[in-house]
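Taken in sequence, the protein lines are chains Y and W. Under the working numbering, the first residue of the first sequence is numbered 256, with each subsequent residue one higher. Under the working numbering, the first residue of the second sequence is numbered 393, with each subsequent residue one higher.
Treat the hints with care, since some could be wrong.
[Unchecked claim] Rough simulated footprint, nothing fancy, chain Y against chain W, three-plus residues with beta-carbon under 8 angstroms: (1) 505-512; (2) 553-559; (3) 600-611.
[Claimed, not checked] A partial selection of chain Y residues facing chain W, derived with a Cβ cut-off under 7 angstroms: (4) 264; (5) 274; (6) 276; (7) 285; (8) 334; (9) 335.
Hint data in this document are derived by calculation from the structure and do not stem from the laboratory. Virtual Cβ for every residue (Gly too), placed ideally from N, Cα, C.
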Amino acid sequence: MSLLTPDIGLLFWMTLSFGIVFFILAKFGFPVITKAVDARNSYIEKSLEDARLAEEKLAALNLQADEILGKAHGERRVLLDEAQEIKKKMLSEAKDLAEAETRQRLKRAVVEVEEVKANAMNQLREQIADISVRVAEKVIGVQLSRDSEQEQLIERLLDEEIVRKT
Amino acid sequence: MLKKSSIAKILLLLAFFSLTFSGSAAAQEGKKLDVKEIVFEHIADSYLWHIATVGEREVAIPLPIIVRSAGGGWHVFSSAKLEYGSSYKGFFIAHNGDYKGKVVELNAAGKIARPSIDISLTKNALALLISCAVLLIVILPLASWYRRGNVKPAKGFRGAVEMLLVDVYNEVIKPCIGEDYKRFAPYLLMVFFFIFVNNLMGLVPFFPGGANVTGNIAITMVLAVCTFLIVNFSGTKEYWREVLWPEVPMWLKVPAPIMPVIEIFGVLTKPFALMIRLFANIMAGHSVILGLICLVFVTASMGVAINAGMSVLAVVFACFMSLVELLVAYIQAYVFTLLSAVFIGMARVKHEH
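Work out the full structure: start from the sequences and follow the hints.
Written out as structure tokens, the structure is:
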């Protein structure tokens with residue numbers, strides 16, 4: 256069967272052409288492609304890994320940020336509370352101060368009023384004494400000397416009179 | 393409805409066309425058609441690339457004949473000089489006998505003999521060179537795409553080539569060979585694309601395709617020998633130990649080396665099976681399609697109705713077979729590559745104890 260006996264000429268051409276094409280492709284063809292494909296595959300793998308790591312990092316950062324935010328919220332709360340307290344304290348202090356001042360002023364006013372009253376009382380007493388003496392002179396027609404005895408008498412009478420009246 | 397009727401019209405036209413064609417062919421030959429002859433003529437190699445027969449004239453591409461005669465001296469001439477049984481410089485094409493269809497000369501004893509060396513660029517050799525050119529045109533643009541520093545995958549035709557290549561590379565070469573797959577990847581990819589391109593070119597029914605390259609034993613033999621050499625030259629110590637001193641009961645190897653002989657036989661049969669598988673598959677595919685087409689001409693003498701019916705049937709079957717052959721073209725390339733990779737992987741075994 257000639258079909259099963261390899262032809263020498265074709266063997267020659269096959270070896271030659273296969274050899275040449277293999278040489279060309281093994282040098283400039285396949286390694287370039289497979290290298291690029293391998294490089295791309297590892298690049299993709301690395302990128303996926305990087306993306307995973309970045310995601311993890313991002314999640315961690317988010318967690319941290321939440322923590323910081325929570326802490327900040329707490330601090331704000333505390334600060335606000337403190338400020339509230341200080342405000343209350345200041346208000347009450349101011350109130351106390353104002354009260355004390357008012358009380359003092361009131362006391363002082365009372366004292367002054369008392370003084371003025373005493374003064375007025377004294378003047379009144381003197382005038383009443385004068386008027387009483389003059390009235391008595393007119394009544395008895397003699398001049399009465401305003402000696403100390405009489406004065407004392409008037410004083411006593413006035414005291415009695417005022418005590419009775421009040 | 394319109395579509396259906398138009399398809400029927402086309403089929404009828406086809407049948408009619410083939411009818412007239414076969415009628416003229418039968419009339420021209422004036423004898424019974426020898427299907428076996430036609431099929432074998434196609435499957436075998438030839439010195440002319442026959443394209444068509446128009447009337448009495450054969451349209452064929454003459455190819456260079458390169459021979460060294462038994463008496464010494466190289467001769468290069470066009471095969472057109474040997475057409476129609478004529479002889480040139482004492483060379484002629486044998487019409488029967490052992491050297492049927494080959495260039496022969498008369499030796500000193502006056503008997504028909506082959507020239508000492510015949511490296512004529514035959515139909516298969518030319519088809520082989522065309523396929524090699526196609527292979528370079530297919531692979532090199534993709535390589536230059538990546539040499540230009542592109543990282544993204546190629547698009548279009550180059551992308552398709554890359555898809556095939558990466559599939560073989562990742563799914564066959566890497567898992568079958570293991571660790572040092574990079575050393576063997578170029579050879580295995582070369583084998584895959586070489587067989588695939590040649591198979592596909594063989595399916596194209598006219599020039600520059602249609603030659604039965606991978607269905608020729610010389611071609612598959614070179615491929616199988618390459619795989620054989622690579623497998624055995626890259627074999628590890630462990631591989632040779634498994635071949636020559638396998639782990640079997642002692643009586644199987646000491647008085648008579650039964651197992652080693654079987655193992656050595658296996659080393660030889662593996663590439664032999666590769667050679668025969670590819671050759672037989674592709675040759676059979678070509679034969680079946682040719683046989684189906686010949687059905688049109690065989691039935692020409694059986695009346696118009698039978699001939700028309702058989703013509704339509706033959707065309708439908710031939711279309712179907714062509715599609716099957718398309719599948720076979722890929723599968724055979726894949727299988728050859730896969731088995732070569734498996735054999736190499738088996739020869740790269742590591743000592744495991």
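Outcome of the hint check:
Under a criterion of three residues with beta carbons nearer than 8 angstroms to beta carbons of chain Y, the stated coverage of the segment 505-512 of chain W is upheld, 4 such residues being counted. Counting residues of the segment 553-559 of chain W whose CB lies closer than 8 angstroms to any CB of chain Y gives 3, which reaches the minimum of 3, so the coverage claim holds. Under the rule that three or more residues need a Cβ within less than 8 angstroms of chain Y, the assignment of the segment 600-611 of chain W holds, with 4 such residues. A hinted interface residue such as residue 264 of chain Y counts as satisfied when its beta carbon comes closer than 7 angstroms to some beta carbon of chain W; here the least separation is about 4 angstroms, so the hint holds.
Checking residue 274 of chain Y against chain W by beta carbon gives a least distance of about 9 angstroms; that is not within 7 angstroms, so the hint is violated. For residue 276 of chain Y, the interface hint holds, the least distance from its beta-carbon to any beta-carbon of chain W being 5 angstroms, beneath 7 angstroms. Look at residue 285 of chain Y: its Cβ gets to within about 4 angstroms of chain W, closer than 7 angstroms, so that hint holds up. Violation of the interface hint for residue 334 of chain Y is found here, the shortest Cβ-Cβ separation to chain W being roughly 55 angstroms, above the 7 angstroms cut-off.
Taking 7 angstroms as the C-beta contact cut-off toward chain W, the hint placing residue 335 of chain Y at the interface is violated, the least distance being around 57 angstroms.
Checked against the numbered hints listed earlier, the structure breaks hints 5, 8, 9; every other hint is satisfied.
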